[in-house]
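For the protein sequence lines, the chains are A and B, in the order given.
Just so you know, the first sequence maps onto residues 0 to 256 in numbering that gives the first Met the number 0.
Just so you know, the second sequence maps onto residues 0 to 200 in numbering that gives the first Met the number 0.
Honestly, I wouldn't trust all of these hints.
Said to hold, decoys possible - Straight-line C-alpha distance at most 25 angstroms; calculated PhoX-like pairs for lysine-lysine:
| id | chain 1 | residue 1 | chain 2 | residue 2 |
| --- | --- | --- | --- | --- |
| 1 | A | K44 | B | K36 |
| 2 | B | K36 | B | K51 |
| 3 | B | K187 | A | K49 |
Hints in this document: simulated from the structure, not taken from any laboratory.
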Amino acid sequence: MPLVADRCICLRKIEFSETSQILTLFARQGGVVRVIAKGAHRTTKVGASKFGGGIDLLDVAEAVFSHAPHRELPPLTEWRLTEGHRELRRNLRAIYLGTYAAELVTTLVHEHDPHVELFDRLEQSLREVATARREQAFLAFTLDLLRETGLMPELNACINCGQPMSRVARAAFAIDRGGVACGDCAPNFSRRVGIDPRLLRVVQTILTLPRLAGQPQRLPGLTRNQTDPLNRLLAEHIRFSSARELRLARYILAPSA
Amino acid sequence: MASYTQSIQNLINQFASLPGIGLRSAERIAFHLLKQKPEDALMLAEAIRDVKTRIRHCSVCYNLSEGELCNICSDPSRDQTVVCVIEQPKDLLALETAGSFRGVYHVLLGRIAPLEGMEPGDVTIDALLARLEQGQIREIIMGTNPNLEGDGTALHIQNEVGRRFPDVQLTRLARGLAAGSNIEYANKSVLADAISGRQKM
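Bound-form chain A, shown alone:
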């Protein structure tokens, strides 16, 4: 079985047996992969360990694992930690946003489907959610994830009459149609959530920002009053599109989080 070296972010971990872990990794070149880290928690008296004493959620590392798409759980053989997110761990909101970003990637990206730019965006976003720019950074990442996976909803113009959102006073998001409707057309859609059209313009601004190495530049500062309705809308859209429950959505939308 050939070995592959790749930069990885840990999206999910399950403690397995006494010392091992089953991991869902987002590999930069290889996409989402599931591996087993045998003896991850095993350390010698002097602290030597194959995987630094255990692999944690959101850890970024240079990893080596067997390339075996046909095999259910190829073994992880090396894990050299490059980013342990010390700052992120000091803020509960940052932890929830980072974990939610990982959940979204696990939900929307297929196994062994490479997304190099998305990997870079996630790595950068995990750094940014540890800062005061966390709200806008997380929203921008979610939008990029949807665009990259082909699930971007229509947020620019009414899905019924085509009227641009820049010209409407009221709007709603039609969940089962994956797009926004103007105030006049919204009653045609039973499964809908109201949204302030000004927030949709914020989305358009973010999507058209200049980019440097794939990262959006000069993200506008946003508060939770602005991002919560958008995060709620996008969570509904992702839930409907993927037919999967998002466990972290409730946490990031809670007023106290």
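Chain A is fixed; fit chain B onto it per the hints.
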């Protein structure tokens, strides 16, 4: 093909379902028990029955106990004003082995792990807040595991306690290099923690 009788196979399956025991080990244990005298073998069954019928959670700290209160909560020499919050009873045993903590504990019986469906209501945070209501506690030491979920749980408790009991001091177990370890084997996170948490000599 010859196979085990149903009762032997059942015993093997039961052992094999235990953590760290594979099918071969389960077979060895089962045959060891078969070779033992009935009274010796049945002592194992009695021990399992005992532990499942007599062990319960301490009504104060949720440690494992055979009575209403665990040994630590009922010990008058322990400092009841300092509470170390931990995830599992086995963490308590590990801390007790160190022998340097003379306060009492609060066992959460888990940690907040949203990805695994463990929510704040699934751990004993409400019971901790109820203990704080009594006004006796002056310090809470967060002893949850130093991983993302443990840190998240500690921050969640910090928010709850800080909001409702602002006079209670909140501290976190120190993190960094383990005694007896080598710096060259420590990972980047551990070294960063060790440097930021350095102490005056």
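Hint check results:
no. : hint           : verdict
1   : A/K44 / B/K36  : violated, 40 angstroms
2   : B/K36 / B/K51  : holds, 24 angstroms
3   : B/K187 / A/K49 : holds, 14 angstroms
Of the numbered hints given earlier, the model fails hint 1 alone.
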